[in-house]
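Please put together the full structure from these sequences, using the hints given.
Protein sequence lines, in the order shown, are assigned to chains A and B.
Residues 192 to 857 in the numbering used here are what the first sequence lists, from first letter to last.
Residues 106 to 307 in the numbering used here are what the second sequence lists, from first letter to last.
Hints may be right or wrong, so weigh each one.
[Claimed, not checked] Calculated from the model, a selection of chain B residues having no Cβ within reach of chain A, i.e. all distances over 12 Å:
(1) Ala145
(2) Gly243
(3) Ala253
(4) Asp255
(5) Leu261
(6) Arg263
(7) Asn266
[To be verified] For lysine to aspartate or glutamate, the following DMTMM-like pairs were computed, each having C-alpha atoms within a straight-line distance of at most 20 Å:
(8) Lys416(A) / Glu189(B)
(9) Lys519(A) / Asp500(A)
(10) Lys229(B) / Asp304(A)
(11) Lys599(A) / Glu226(B)
(12) Lys396(A) / Glu723(A)
(13) Lys143(B) / Glu437(A)
(14) Lys240(B) / Asp857(A)
(15) Lys404(A) / Glu437(A)
(16) Lys600(A) / Glu723(A)
(17) Lys795(A) / Glu226(B)
(18) Lys676(A) / Asp647(A)
(19) Lys396(A) / Asp757(A)
(20) Lys306(A) / Glu413(A)
(21) Lys431(A) / Glu526(A)
(22) Lys431(A) / Asp486(A)
(23) Lys431(A) / Asp517(A)
(24) Lys240(B) / Asp304(A)
(25) Lys143(B) / Asp304(A)
(26) Lys586(A) / Glu627(A)
Simulated from the structure, these hints should not be mistaken for lab results.
Note that the Cβ used here is the ideal one computed from N, Cα and C, for glycine as well.
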Amino acid sequence: MVSIKQDIRIGFYICHCGHNIASMVDCPEVARYVEKLPGVTLSRDYKYMCSDPGQELIQKDIKEFDLNRVVVASCSPLLHEHTFRNAVAAGGLNPFFFHMVNIREHDSWVHTDRKEATAKAKALARAAIQRVAHHKALEVKRVPVHPDVLVVGGGIAGIHAALTLANAGKKVYLVERQPSIGGHMAKFDKTFPTLDCAACILTPKMSDVGAHKNITLWSYSEVVKMDGYVGNYTVTIKRKPRFINEDLCTGCQECIANCIYKEPKFTDEFNEGLGKRKPVYIPFPQATPQVVLIDPNVCLNFKRGVLTDKCKKTCVEACGDRKAIDFKQKEEFVEIKVGSIIVATGFQTFDAKRVPPYGYGTYPNVYTALEVERLVNASGPTAGEVILRDGRQPKAIGIIHCVGSRDKKTNRWCSRVCCMYSLKLAHLLKEHTEAEIYNFYIDIRAPGKGYEEFYDKLNSEGVHFVRGRVGEVTDWGMTPEEEGKLVIRVEDTLAGFVRRIPVDMVVLATGLEPQADAQDVRRLFNMSCGTEGFFLERHPKLAPVNTFTDGIFIAGCCQGPRDIPDTVAQAGAAAAEAMVLIDRGHVEQEPNTAYILPDCCGCKSCLPLCPYTAITFDDATRKAVINEALCKGCGTCVGSCPSGSIVQNLFEDEEVFSEIEGMLAD
Amino acid sequence: MIEPTPAAPGSWTPRIVAFFCNWCTYTAADLAGVSRLKYASSVRVIRLMCSGRVDPQFILDAFRQGADGVLIGGCHPGDCHYVEGNYKMLRRFQLLKRLLKDLGIAEQRVRLEWISAAEGERVKTVVNEMTAQIKALGPLGMPQAFAAWDREVSELARRTNAPEDTDPEHSSVEGEVREGLATPVGAPAESQVSANTEVAHV
Numbered sequence: 192m193v194s195i196k197q198d199i200r201i202g203f204y205i206c207h208c209g210h211n212i213a214s215m216v217d218c219p220e221v222a223r224y225v226e227k228l229p230g231v232t233l234s235r236d237y238k239y240m241c242s243d244p245g246q247e248l249i250q251k252d253i254k255e256f257d258l259n260r261v262v263v264a265s266c267s268p269l270l271h272e273h274t275f276r277n278a279v280a281a282g283g284l285n286p287f288f289f290h291m292v293n294i295r296e297h298d299s300w301v302h303t304d305r306k307e308a309t310a311k312a313k314a315l316a317r318a319a320i321q322r323v324a325h326h327k328a329l330e331v332k333r334v335p336v337h338p339d340v341l342v343v344g345g346g347i348a349g350i351h352a353a354l355t356l357a358n359a360g361k362k363v364y365l366v367e368r369q370p371s372i373g374g375h376m377a378k379f380d381k382t383f384p385t386l387d388c389a390a391c392i393l394t395p396k397m398s399d400v401g402a403h404k405n406i407t408l409w410s411y412s413e414v415v416k417m418d419g420y421v422g423n424y425t426v427t428i429k430r431k432p433r434f435i436n437e438d439l440c441t442g443c444q445e446c447i448a449n450c451i452y453k454e455p456k457f458t459d460e461f462n463e464g465l466g467k468r469k470p471v472y473i474p475f476p477q478a479t480p481q482v483v484l485i486d487p488n489v490c491l492n493f494k495r496g497v498l499t500d501k502c503k504k505t506c507v508e509a510c511g512d513r514k515a516i517d518f519k520q521k522e523e524f525v526e527i528k529v530g531s532i533i534v535a536t537g538f539q540t541f542d543a544k545r546v547p548p549y550g551y552g553t554y555p556n557v558y559t560a561l562e563v564e565r566l567v568n569a570s571g572p573t574a575g576e577v578i579l580r581d582g583r584q585p586k587a588i589g590i591i592h593c594v595g596s597r598d599k600k601t602n603r604w605c606s607r608v609c610c611m612y613s614l615k616l617a618h619l620l621k622e623h624t625e626a627e628i629y630n631f632y633i634d635i636r637a638p639g640k641g642y643e644e645f646y647d648k649l650n651s652e653g654v655h656f657v658r659g660r661v662g663e664v665t666d667w668g669m670t671p672e673e674e675g676k677l678v679i680r681v682e683d684t685l686a687g688f689v690r691r692i693p694v695d696m697v698v699l700a701t702g703l704e705p706q707a708d709a710q711d712v713r714r715l716f717n718m719s720c721g722t723e724g725f726f727l728e729r730h731p732k733l734a735p736v737n738t739f740t741d742g743i744f745i746a747g748c749c750q751g752p753r754d755i756p757d758t759v760a761q762a763g764a765a766a767a768e769a770m771v772l773i774d775r776g777h778v779e780q781e782p783n784t785a786y787i788l789p790d791c792c793g794c795k796s797c798l799p800l801c802p803y804t805a806i807t808f809d810d811a812t813r814k815a816v817i818n819e820a821l822c823k824g825c826g827t828c829v830g831s832c833p834s835g836s837i838v839q840n841l842f843e844d845e846e847v848f849s850e851i852e853g854m855l856a857d
Numbered sequence: 106m107i108e109p110t111p112a113a114p115g116s117w118t119p120r121i122v123a124f125f126c127n128w129c130t131y132t133a134a135d136l137a138g139v140s141r142l143k144y145a146s147s148v149r150v151i152r153l154m155c156s157g158r159v160d161p162q163f164i165l166d167a168f169r170q171g172a173d174g175v176l177i178g179g180c181h182p183g184d185c186h187y188v189e190g191n192y193k194m195l196r197r198f199q200l201l202k203r204l205l206k207d208l209g210i211a212e213q214r215v216r217l218e219w220i221s222a223a224e225g226e227r228v229k230t231v232v233n234e235m236t237a238q239i240k241a242l243g244p245l246g247m248p249q250a251f252a253a254w255d256r257e258v259s260e261l262a263r264r265t266n267a268p269e270d271t272d273p274e275h276s277s278v279e280g281e282v283r284e285g286l287a288t289p290v291g292a293p294a295e296s297q298v299s300a301n302t303e304v305a306h307v
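See below:
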């Protein structure tokens, strides 16, 4: 039995948490049980410990009863450890003389037998009572925060976050893997519900980014390595070769006009494969930075990506005195130091080929929503004319909702924006073609400001709405009207029978998914993902832009599907969180660092274990030494030391052993 | 409000000590709680910052103090909040498993699980599974076994230190001791407990 030192005076508090704990755990009984344990000066049960009166009770008791340890049995320490540590400190006691017991998330909320739940609460309380006697007074570590910020991803989220920070006077690095910033929003024609032109509202922000003195824009670049901790991140960025010197290119595009290829021949990624481009190209007219790039996979001066220098290089000739083209450009690695990182890497659209019954890839006139955005866009491959792949103009169009969303076979979640963009596309297509438009939906989700009104407007425009999940798109006509058409087979659930609706064009409202390399990116930044693959926020309601790693924030669709207003709001929130760190100037870290005792025998087995290289060997004393500033408090070296010579503050061996003993003492 | 449902009468709840890492498994257990999932009440959690902190002595001490099982929860390989702590835990665990086998402790009593912060369901599944397995094995009862061995040793010491009481005609000291001790319930017929069987239930 671990003996309790004579001068230990523990105050124990068990919280009812209203009904949350009290309905399953007999709190007064636990309090009575704990009162009799050695070292316990007082034992109380109270309705809401985290409330102001609850906290004041602790402070009063510390003074009145001369307590030198405090234990609270309530919810998870991940929620309120901070609250109670502050309360204890306000009562005049070192906050690390406090320990918290989780009898809600780990007990009352997960068990159904009152006797067992109460017995478990007693065991856990006893463990804490025995542990807290060993706690030592500790001071929080203060770590300075580097004032620069890295924003990863140049879509609307990254752009807004970068501008907000830059306007506040902070220095921002904005890294985007595509040749231009703008993200998915740059591809849209109009945005719902206002029908603002996407490019018109986006491009001013893009140019602000390009021109801002506080923003270093690195497009066509990717983060490849990240080291460090909150306030002190070292990030390595790979700058991919455009074969153009960014500083010298004026964006005149003479090189494109004079390329050895007279006509564009290669798949245009920006136009979703619907248009063509040349080997030297600019992704879209308003690209930022206004710099062209050369694709080494199709440029004649390369063979399979390797420079051969066999082409006439009419582009270089056209560039003339500017001398911006540099075929010898290599990829470059740059290292920067920042204090916080905002990850805004966005989403990818669902691959419609995963739903074969809808015929994407089989029938040429089945399109995804993003492809249609490019078709109706005046700067798109057809200059805004809705012309099908076979050259015809559609007279009837079917828009199928929920492709790759709300589907057990593909993705279970609702992608949140597809109903609204399907309504928008219905409107735009009607405007461009005067065709009959059918929207096939399960539910119409129009939750935002002006969204329901937009739906009403569509209804009054004569768009047909059919409530039913489309079973199949087929070109197999069964009547003369269906010849040469795509037939949509759907159960009209409101009318109560199956319909065959012949159309010329089918538009699939594909859902939003995490990016293909989301798992790699999240490992790079030491983040977690939820079960669906989107980045995991610290708390879904109260901390939607924080992650479990301090100093790393997320914003936009990389956290979950959302529309532009919510994305911009979230980006602003992430920028604010980063500003908190920067303006405070320092971060307080848990003092759970490790240190080495003088009885270290110099075996060096701890040295290679530390991922932060915090342990070094002192040749003079022949002992290992831990650098407290680098130690992150994982305790791996502590668990490995063969002679038990490493001690971790807050998680000492004696503390854990006494916890084990206490929880098995019943 | 959740209505309590009492456990079946006569059933025994094993006591499993769990070492959960703060960033993944502890958070997953919190998520299980927030989702109001229901699982066996056998597990008592000790929170550590990383599964790498788990010293093999903790596991051995848990058994010594009377635990019927030990569960260690860490982040998935590649996802450790501190980069590699879980790998170090894995290494120690492989060695410890062999040691525990030699001590006669059944393999199902110690378990290492990778549970990420989003896997609240997994906490429930693992706890229920482990509880069922240990219920089938029965209590480990190490403190009681130690107490019995302590009695055996002090009895031996007593007889050794009082030689005039020994009757050479009757039985040797060993034989007397073997007779004198109650046969442990459920132990194999041989007086020696072999390395492959469970520690004697007393």
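Against the structure, the hints come out as follows:
1. Ala145: violated, 8 Å
2. Gly243: holds, 17 Å
3. Ala253: About 18 Å separates Ala253(B) from the closest Cβ of chain A, which puts it past 12 Å; holds.
4. Asp255: holds, 15 Å
5. Leu261: Non-interface label stands for Leu261(B): nearest chain A Cβ at 26 Å, farther than 12 Å.
6. Arg263: holds, 25 Å
7. Asn266: Fine: 28 Å to the nearest Cβ keeps Asn266(B) off the interface.
8. Lys416(A) / Glu189(B): Judged against 20 Å, a Cα distance of about 16 Å means the pair holds.
9. Lys519(A) / Asp500(A): Status holds; Cα separation ~10 Å.
10. Lys229(B) / Asp304(A): Distance of about 16 Å is within 20 Å: holds.
11. Lys599(A) / Glu226(B): holds, 19 Å
12. Lys396(A) / Glu723(A): Given pair Lys396(A), Glu723(A) is violated - Cα atoms ~31 Å apart, limit 20 Å.
13. Lys143(B) / Glu437(A): violated, 59 Å
14. Lys240(B) / Asp857(A): holds, 19 Å
15. Lys404(A) / Glu437(A): Between Lys404(A) and Glu437(A) the Cα gap is close to 17 Å, so the pair holds against 20 Å.
16. Lys600(A) / Glu723(A): holds, 14 Å
17. Lys795(A) / Glu226(B): Given that 20 Å is the threshold and the Cα spacing comes to 41 Å, the pair is violated.
18. Lys676(A) / Asp647(A): Not satisfied, since the Cα-Cα distance of roughly 29 Å exceeds 20 Å.
19. Lys396(A) / Asp757(A): Answer holds: Lys396(A) to Asp757(A) is near 17 Å, not above 20 Å.
20. Lys306(A) / Glu413(A): violated, 56 Å
21. Lys431(A) / Glu526(A): holds, 14 Å
22. Lys431(A) / Asp486(A): OK: Lys431(A) and Asp486(A) at ~11 Å, within 20 Å.
23. Lys431(A) / Asp517(A): holds, 13 Å
24. Lys240(B) / Asp304(A): holds, 17 Å
25. Lys143(B) / Asp304(A): Cα-Cα ~10 Å, so holds.
26. Lys586(A) / Glu627(A): holds, 6 Å
When the structure is compared with the earlier hints, violations turn up for hints 1, 12, 13, 17, 18 and 20 and for no others.
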